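Start from the sequences, fold in the hints, and give me the full structure.
Number of protein chains: 2
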Amino acid sequence: MLSQTAEYAMRAMTWLSLTPDQLLPTSELARHTKIPMHYLAKVLQQLSAARLVSGRRGVGGGYRLARPADKINLTEVIAAVATISRIHTCPLGLPNHGTNLCPLHRTMDNAIKAVLEIWEGKTLADLLNDSKDSKPLCNAELTAKLTVSAIGRG
Amino acid sequence: MLSQTAEYAMRAMTWLSLTPDQLLPTSELARHTKIPMHYLAKVLQQLSAARLVSGRRGVGGGYRLARPADKINLTEVIAAVATISRIHTCPLGLPNHGTNLCPLHRTMDNAIKAVLEIWEGKTLADLLNDSKDSKPLCNAELTAKLTVSAIGRG
Numbered sequence: 001m002l003s004q005t006a007e008y009a010m011r012a013m014t015w016l017s018l019t020p021d022q023l024l025p026t027s028e029l030a031r032h033t034k035i036p037m038h039y040l041a042k043v044l045q046q047l048s049a050a051r052l053v054s055g056r057r058g059v060g061g062g063y064r065l066a067r068p069a070d071k072i073n074l075t076e077v078i079a080a081v082a083t084i085s086r087i088h089t090c091p092l093g094l095p096n097h098g099t100n101l102c103p104l105h106r107t108m109d110n111a112i113k114a115v116l117e118i119w120e121g122k123t124l125a126d127l128l129n130d131s132k133d134s135k136p137l138c139n140a141e142l143t144a145k146l147t148v149s150a151i152g153r154g
Numbered sequence: 001m002l003s004q005t006a007e008y009a010m011r012a013m014t015w016l017s018l019t020p021d022q023l024l025p026t027s028e029l030a031r032h033t034k035i036p037m038h039y040l041a042k043v044l045q046q047l048s049a050a051r052l053v054s055g056r057r058g059v060g061g062g063y064r065l066a067r068p069a070d071k072i073n074l075t076e077v078i079a080a081v082a083t084i085s086r087i088h089t090c091p092l093g094l095p096n097h098g099t100n101l102c103p104l105h106r107t108m109d110n111a112i113k114a115v116l117e118i119w120e121g122k123t124l125a126d127l128l129n130d131s132k133d134s135k136p137l138c139n140a141e142l143t144a145k146l147t148v149s150a151i152g153r154g
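Protein sequence lines, in the order shown, are assigned to chains A and B.
Going by my numbering, the first sequence opens with residue 1, and the numbers climb by one from there.
Going by my numbering, the second sequence opens with residue 1, and the numbers climb by one from there.
The hints are simulated quantities; they were obtained by calculation from the structure and are not laboratory data.
Note that the structure is predicted; figures quoted are calculated from it, not measured.
Each hint should be verified, as a subset may be incorrect.
Identical chains blur together in the list; that is why a pair holds if it fits in one copy or across any two.
Taking lysine-lysine and the DSBU-like style, the derived pairs with C-alpha atoms no more than 35 Å apart in a straight line are [unchecked claim]:
| id | residue 1 | residue 2 |
| --- | --- | --- |
| 1 | Lys145 | Lys34 |
| 2 | Lys113 | Lys42 |
| 3 | Lys145 | Lys42 |
| 4 | Lys71 | Lys113 |
Following this line, the structure appears as C-alpha cells:
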C-alpha cells in the first residue's frame with residue numbers, strides 16, 4: 001500500500017533527524033538507510049522540492065533537514081513523494097453524490113482519513129523520542145549511543 | 001494513496017455487485033463505471049486471476065462476481081490489484097528491531113492496520129445496503145430503482 005518511494009523518503013528523513021547538525025553526503029545516507037544510491041538521489045530531489053531538506057553540492061556537501069524534526073510531521077514527508085489527498089467530491093462527477101459521497105467513496109475516504117490522522121499526529125521528533133530502547137533505523141550499538149545526544153557520522 | 005487501479009477495481013466490483021445475475025459486457029461495465037475500456041480490461045484480468053470475477057468471452061459474454069457480494073470484503077478487492085501487506089519484521093533486517101519494529105515502522109504498520117480494519121469490516125454487499133438514498137456509482141434515477149431489486153442492463 002505504501003510505495004517503495006514513500007518508505008525510502010521516511011527512512012531518509014528519519015536518519016537526517018538523527019543527524020540534525022551536519023550535512024550528510026548521499027552515499028553515507030544511502031549506507032545507513034539501505035537505500036540504493038541512485039534511488040535515494042531521486043527521493044532527495046523530491047524532498048528538496050518540497051522544502052523538507054536542504055543540500056549543498058560538492059566536497060563537504062550533503063543534505064540536512066530544512067526544519068527541526070519536531071516541525072515536520074509524517075504526512076508532509078509522504079506527501080512530498082506521493083498523492084495522499086482526501087476524496088472531497090464524487091470521482092465520477094455524479095451530482096446526487098456530490099460532497100456527501102456514496103458508500104463506496106465514503107469508505108475509501110474513511111481509510112485515507114484514518115491514515116492521515118496517524119501520520120499527522122506524529123512528527124519526525126516523535127519517532128526518535130518514542131522509545132529509548134528502539135531508535136528508528138538504528139542497530140543496538142547506535143541505539144545505545146542515542147540515549148543522550150544525536151549520533152555523529154558513523 | 002490509493003492507486004487509480006485500486007479505485008477502478010473497486011468501481012468494477014461494486015457495479016458487478018449491483019448486477020449479480022447477469023454476465024455484463026466489458027463495454028457496458030466501462031460505461032457505467034467511467035473507466036477507460038482498455039484499462040478496465042486489464043483490471044478485470046487481475047480480478048479474474050484473484051478469482052473475484054468469472055467471465056465468458058464472445059457474443060453474450062461478459063463478467064459477473066465469482067461469489068455473492070456479501071462474501072467479498074474490500075481488502076480482497078484491493079489485494080487483487082495492489083500489495084497491502086502488514087509490516088511484520090524490520091524492513092532493514094536489523095536484529096534488535098525484529099518483529100517488535102522500531103517507532104518508524106510501527107507507525108507505518110499502524111497506518112496499514114487502520115486501513116485494513118476499515119476494508120476488512122466491509123463487504124461489497126455492505127456498500128449497497130449502507131444507505132437507501134445513495135447507492136454506489138448510481139445517479140439519482142438508478143438509486144431510486146434500487147430500492148427494491150438489483151438493476152437491469154441500462
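>> Of the numbered hints stated earlier in the document, which are not met by this structure?
In response: Result: no hint breaks.
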